[in-house]
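J.: Residue-level listing of the chains:
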Amino acid sequence: MASFKPTKVQFLPKLGETVTEDTLYWKNYKSPVQIKEFGAVTKIDFSPLPPHNYAVTASTRIHVYGLHSQEPIRSFTRFRDTAYGGSFRGDGKLLVAGSEEGLIRLFDISGRVALRQFTGHSKAVHMTSFLSDGFRVVSGSDDLTCRVWDVPSAVELSSITEHTDYIRALAPSKLNPDLFVTGSYDHTVKVFDMRSGSSVMTMQHGHPVECVLLYPSEVLLVSTGGRYVKIWDLLKGGQELVSLKNHHKTVTCACLSSVGNKLLTGSLDRHVKVYNSSYKIVHNFDCDASILSMAVAPDDEVVAVGMTNGVLSVRHRKHKKDKETLTSRRRRGPSYRVFVKGKNFVPRQDDFLVSKPVKQYLRKYDKQLKSFAVSKALDTALQTWTRTSKPEVTVAVIIELNRRGTLKNALAGRNEESLTKILNFLLKDERRFKMANYDGDMRANKEEFTAFLHPEEFDYMKDIIVLVRLDNQNAKKCLPYTFAVIFCQCLLTLMLFQTRMTDFHL
Amino acid sequence: MVEQSEVRVVRCGGSKINLRPPIISTDSRFVLCASGDSVKVYSTRTEEWLHSLQGHTNQVTGITLNPANHLQVYSCSADGTVKLWDFIDGILIKTFIIGYPLFAIYVSEKHDGIVFLHIAMDTDSKNECFQLVAVHLPKSAEQEVEAKELSAVSSRISPNPSCTAFGREGQYIAFARHLQLNVYFFRKQKTYSFSLKATDKKGAKNAFTCIACHPADDCIATGHEDGKIRLWRNFIHTKEYTYSTQHWHHNAVNTVCFTPEGTNLLSGGIESVLVQWQYGAGNRKEFLPRLGGSILHVSTSSDGQLFCTSHSDNKITVIESSFKVCGVIQGLVKGDAVLTDLMIDPRSKALVLNGKPGHLQFYSLLRDKHLYNLDIVQQEYIYEAGLDQFEVVKAAFDIKGYWLATVEERGQKSSDLEFSLKLWAYDERTQSFVLNTTITAAHTDRIMSMCFSSSEETTMLVTTAEDGQFKAWCQGADADTQQDQNFWSCDFVGSYHNLKPTNCSFSADSSLLAVSFQEVITIWSPDTWELLTTLCQPPGVVRDLCFGQLSCSKYLIATTTRNLLCCWNLLTCALEWSTSVEVSKLQPDPLSENVAAFSYQSKHTDLFVFKPNEPRPLFTHKNVCSEKMHRAVFVPREEPLNNCDESSQWLNRSQLYFLTQNMDLLTFSTATEEDRMLSSSKRLVIDDSVAVTPFYLLLGKHRQQQQKLNTPSHPAADKPQQPQGSVTITELLHTPAHVLPAASVLCSMFVSSLLISNTGVRQDPLREMESSEQEMNSEKEEEHSEEEMEACDSQQELRAQGSVDEVTPKLSKAQERELKRVRKTDFSWMAGLIDSKP
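Note that the protein sequences, when read in sequence, are chains A and B. First residue of the first sequence: 0, per numbering that gives the first Met the number 0; consecutive thereafter. First residue of the second sequence: 0, per numbering that gives the first Met the number 0; consecutive thereafter.
Keep in mind that a hint or two might mislead.
Claimed, not checked - Pulled a few chain A residues facing chain B out of the computed Cβ check, cut under 10 Å:
#1 Lys4
#2 Pro5
#3 Thr6
#4 Asp365
#5 Lys366
#6 Leu368
#7 Ile398
In short, the hints are calculated from the structure, not lab data. We treat Cβ as the ideally placed atom computed from N, Cα and C, and that holds for glycine.
Starting from the given sequences, assemble the full structure and let the hints guide the process.
T.: Given below as structure tokens:
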């Protein structure tokens, strides 16, 4: 006698969800601290020296926060218009920032008033940075020029006009004080050498460049723009190594973690993605709004993300100490000894073993299916917990009922409450399906699908649902009720159809 | 033209064992069932096939125990004879020739020497009318007797044999037909009939399907088409009869049966649930669900300890009275159609085809034994008529038998078609296939064909589907799931001008893949997935495709729907030859160059065997069978024959099996093969000197002793024996322990044999026999089975005496018993020991 075979629940494999050291490392962050700024956060920069304070440029202010403080330690507010690109010098004592009006200001970190003002740009300066010798400042502006300024004398050393569109990305070399990289909306990335006073290398990114980034070895260059992140090899004369397309909106910022030089990219699609050294995504941080800027503290202590809605979200790394406090607070359950009691007995050599027959445990819906209680089985599968956290079980039971040809029986004789439950489940599924379609990965089955679901019929059906919901009192004798049952069946077949289709997509 | 007599078509194993109810012997040790033209005897404990009672020339249609002697069984057959057998020894005792085709047999204890038979009333007329006749079996000493005393009990009875049953103590016989129940009382010589309305208000179908009579009470249980069971009482009066109705089955009741004491009623139907109703306790019942196919027959042993159910999937289940399944005897499952091809498992050389719904069955052709079922669908099977279930439609093995690919499918219409492709890996530890990968929606439409590449290094699966694509599947190399490289994923998707691919085939060395797209055959290179060339021979869509094997691997053979058989040379990419013949199935032999082609023309199937390099056929066989055949397979032989004859040479390496539309499994057998089989059976019967079979050797030995007893002056009559010591020892060591006789038996035999040689009482073997027999007797008291032997009635003894030991009719009874006992056990190697000793 064969035993009852339980319903087969189809688990779809989660792709790319393999646990590696990288994923564990990046999962180990606390939930973010949200700090409200006055406007969109355009630039975050960590001080290179401890205590690693960070400067946050938002609206007309630059705030400097301590690593664990939620209130600004210091703020620079002397901007008449929006400030851009506040960044520290290598010793963390000076801060330079551009602004919408074209002025570049230099602050002492302990002072309030600007030490120097560099005038010369005719349009907004979005990027400013110190060159690595610390005595010069380089700036990129919307007037298509890159200028280098002398800090002590506050004079312009040189001005280069090679880009043909706004310059929105800048990265100075840390090894050579005469080199810096700029990216522009003219789709190019250029490497400038101050000794020759012109660009020495030009790379075509193919999209307006939002951010450029040099690896510490300064062999690899990262440029982001459009949906693409591209890695260039400078030693090979600017050859493209990798082109990554993991975001579905413009990638606005990129930074490197200090442990292992992992690349992080943030995008307008509200995701921060972490890549491993072979440029596979290992982790994904979700944010509430489109991301404009991002920075990682030395030793990856803090990941700070700035967004368009003016929120600065700061994630701190979890430490072992924190975990211990957590575990000590937890109530202790029964000890391990209780669970293994009598089970770790090792039989001696001449003992005669009588093995216990393995008992088959069935889930509740399987028990009901076994006794052909189809309606009850559907009820069990539609329980709130199952429906929300394990929808695949619900779908499997519905498919099983369909296979047995008893779906009609299971749906018959239901009151409006349970019918609404089913309808909600089905409609939710449908919404999700439509959302999935929005990305445009719909395939040839689209015609079939639309043909199956005539729009006018569908609207008509929607009216019926509303009717059912309104007519709570005497639903049983009114006509729409029967319609709702028919509609239910119709939707169920539709859903079966869909699951088959989604399988195909996967 | 070759001689037809050399190679002939023979029916081979796997016949139905569920045609008629199985019967359990009185001692509950054996199950007997009608199977093809023989009666098979199985052991209830080990479920092993012991032997078969062969002698009928047509389908055996009924078996029943002889009420006068519980060691004998009557069988009736469509060849018009009733035979009486001793089923323990497999000896035909008597043949009664009736002269009409018989369809069922019934006996009753009260009617000694009379059997009741179903015969067709008029063979010519279309509507089948059956007649119940009583036949008086004449008592005569002859082997073959003609029984001419036929007296009709009733005409116009149901063709279903379970619609007839004997009542209490054989006083009456009840038979039902359509809506009428008839009871014939032998004493009154009168028939009472009771009829039901065709349908009642609720639209129930009231036709009778089966009938059973209570063994001690005047009560008849009838099963009906709508699942009701009615218990009829008080039917001695035509008017005042009563019946009570019980309803559990949702479909027709196939069988009802009372237990011998009459305390319980067993019933079964399509639901495959055995229901036990308590007699007289209203609605109390017990269930035994999920037994297999739908239950066709139920029978009980005479002591009520064992039940036997036979199922539609060619299975007999032995059930204890405590409602526990204790044994399953499985035959070759034959559904309505074989959807998968016939295949050979490269490991076990078993025939593989779909058996139980959702399963693949592995069937050993050599031993004619069902090996195991592999559950492919892994879903609860709902026994309900008209339900659309998952079925295994395609299956393929790779060349080493490591991988099995299956396709299961549900839904006749293409709109709600569901199917999935599954790949199974062979697990060395469990010696079975384990599910490795399930691919749902491998294609967007039905999978038409699939094949594994035949190279040994890389296994690759190619599937073609109606969506116009063919896909190649490879193991591992999936970038997304990094942890296990063992799963299968799609490697290549190919198509050709949006045509639908039909067949695919790999060349012998797997360097080429041929995929046929309607009229065009495309040749691909599986390494680079480059389209190498296309071959086309219009008109007609390509129906079948195969590459030549071994030395003919440069040829590609295809058949088209427009009756064309083409052969291309792949080196020149040109048509080598083509001939106009309607081929329904093309089957290459993997071990030789031969290709078998079955052609269906003018209502019979012909077979052609040819080599691709010569257009002339090697062998033709006209009129293989009258139906169209569509499944065939070459089965490699265990040891090749060495036929020199040209016509049968193609059968040297492998044997061709094929399945007709009527689900008969047929094969070709050659003269040499038959000679070999015949010689082995001859040795069994005639040759005394050569020790081959266990049984004969010992019997022969005893005979020799008896001959010596009769003629003591002929010591030279003892033929020189071959030195068999080593053979005997190996046989002793190689025989499984559980089939060996008890060690105590062996020891005593051995010791007694030593006694002979040492003391030299060779001139008095009778005393020796007696001495060993005394030892036996001491053991007999311990053995339970021996008591049954003693209980054997005297008639049996007499018969045995007459048939076996006619040389020495004055042997004592004790000797008789000893001899019979000895005959039953396998002592051949033992005898070898004894023989080799002096």
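J.: Any CB of chain B closer than 10 Å to the CB of leucine 368 of chain A?
T.: 7 Å, holds
J.: Next item in the hint list is threonine 6 of chain A. Is there a CB on chain B closer than 10 Å to its CB?
T.: Since the shortest Cβ distance to chain B is 8 Å, the answer is holds.
J.: Less than 10 Å between beta-carbons is the criterion; does isoleucine 398 of chain A satisfy it with respect to chain B?
T.: 9 Å, holds
J.: Could you check if proline 5 of chain A really has its C-beta closer than 10 Å to a C-beta on chain B?
T.: Because about 8 Å separates proline 5 of chain A from the closest Cβ in chain B, which is inside the 10 Å limit, the hint holds.
J.: Take the shortest C-beta to C-beta distance between aspartate 365 of chain A and chain B; is it under 10 Å?
T.: 9 Å, holds
J.: Grab the minimum C-beta distance from lysine 4 of chain A to chain B and call the hint holds if it beats 10 Å, violated otherwise.
T.: 4 Å, holds
J.: Quick one, is the lysine 366 of chain A hint okay against chain B at 10 Å, beta carbons?
T.: 12 Å, violated
In this structure, only the earlier hint numbered 5 is contradicted, and the remaining ones agree with it.
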